[in-house]
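A.B. asks: Chain by chain, the residues run as shown.
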Amino acid sequence: NAGVMQNPRHLVRRRGQEARLRCSPMKGHSHVYWYRQLPEEGLKFMVYLQKENIIDESGMPKERFSAEFPKEGPSILRIQQVVRGDSAAYFCASSPRGTSTDTQYFGPGTRLTVL
Amino acid sequence: LAKTTQPISMDSYEGQEVNITCSHNNIATNDYITWYQQFPSQGPRFIIQGYKTKVTNEVASLFIPADRKSSTLSLPRVSLSDTAVYYCLVGGPGAGSYIPTFGRGTSLIVHP
Chain A
52 NAGVMQNPRH
62 LVRRRGQEAR
72 LRCSPMKGHS
82 HVYWYRQLPE
92 EGLKFMVYLQ
102 KENIIDESGM
112 PKERFSAEFP
122 KEGPSILRIQ
132 QVVRGDSAAY
142 FCASSPRGTS
152 TDTQYFGPGT
162 RLTVL
Chain B
6 LAKTTQPISM
16 DSYEGQEVNI
26 TCSHNNIATN
36 DYITWYQQFP
46 SQGPRFIIQG
56 YKTKVTNEVA
66 SLFIPADRKS
76 STLSLPRVSL
86 SDTAVYYCLV
96 GGPGAGSYIP
106 TFGRGTSLIV
116 HP
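Sequence lines, in order, name chains A and B.
Okay, so the first sequence: first residue is 52 according to our numbering, each after it adds one.
Okay, so the second sequence: first residue is 6 according to our numbering, each after it adds one.
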């Protein structure tokens, strides 16, 4: 049973380009969370999705950032026109029911570097 | 959401028992307490979860007093590989609506 998979593991972009981060949840999990972690800081919640629905995007910047979790395929976090401040580690996690008693299973993260 | 407070960092030595306390004064009746561990360059990993009294698994113990306004994660006989950041989370079981808040966690450094 494969764990949460994220790709790419490392992504380098120049300012103004687009970054597309992928997350495949654990089998049977329909709840996906995206987090951002800056160096020496904790995880900051960005967005929570269920299949085909955004449940809560209160932690995601209103501009340039978007997320989706289609019926088929991985969840995508998309950052348009990246800036240096977007450089961070982006983690996704999945859980079966989206409750606090569920264990969140995290992927290995995508480290985005904006030059 | 109940806010949590934990020490920013702790130091210990191999073989010692480490106790990390988390304060959550405004914890709600339905809230559970969950701890995660994060190694450098990895995603967090679930350690233990509890509601009241004491919970123990193969990795750690979780002590929760009767008023539930705090909790203590206990790591027995730590080794160098226990060096990590430990996060305390508090939240209710609302299905499909739980947003985990990780905060900055406690950075534990285990010395030889």
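Fair warning: there could be bad hints in the mix.
Okay, derived cross-link-like pairs now, BS3-like style, lysine-lysine, Cα gap no bigger than 30 Å in a straight line [as the list claims (entries may be wrong)]:
hint, chain 1, residue 1, chain 2, residue 2
1, B, 8, B, 57
2, A, 78, A, 122
3, B, 8, B, 59
4, A, 95, A, 78
5, B, 59, A, 113
6, A, 113, B, 74
7, A, 113, A, 95
8, B, 57, A, 95
9, A, 113, A, 102
10, A, 95, B, 59
11, A, 102, B, 74
In short, the hints are calculated from the structure, not lab data.
A.B. asks: What hint numbers does the structure not satisfy?
C.D. replies: Numbers 5, 6 and 11, in rising order.
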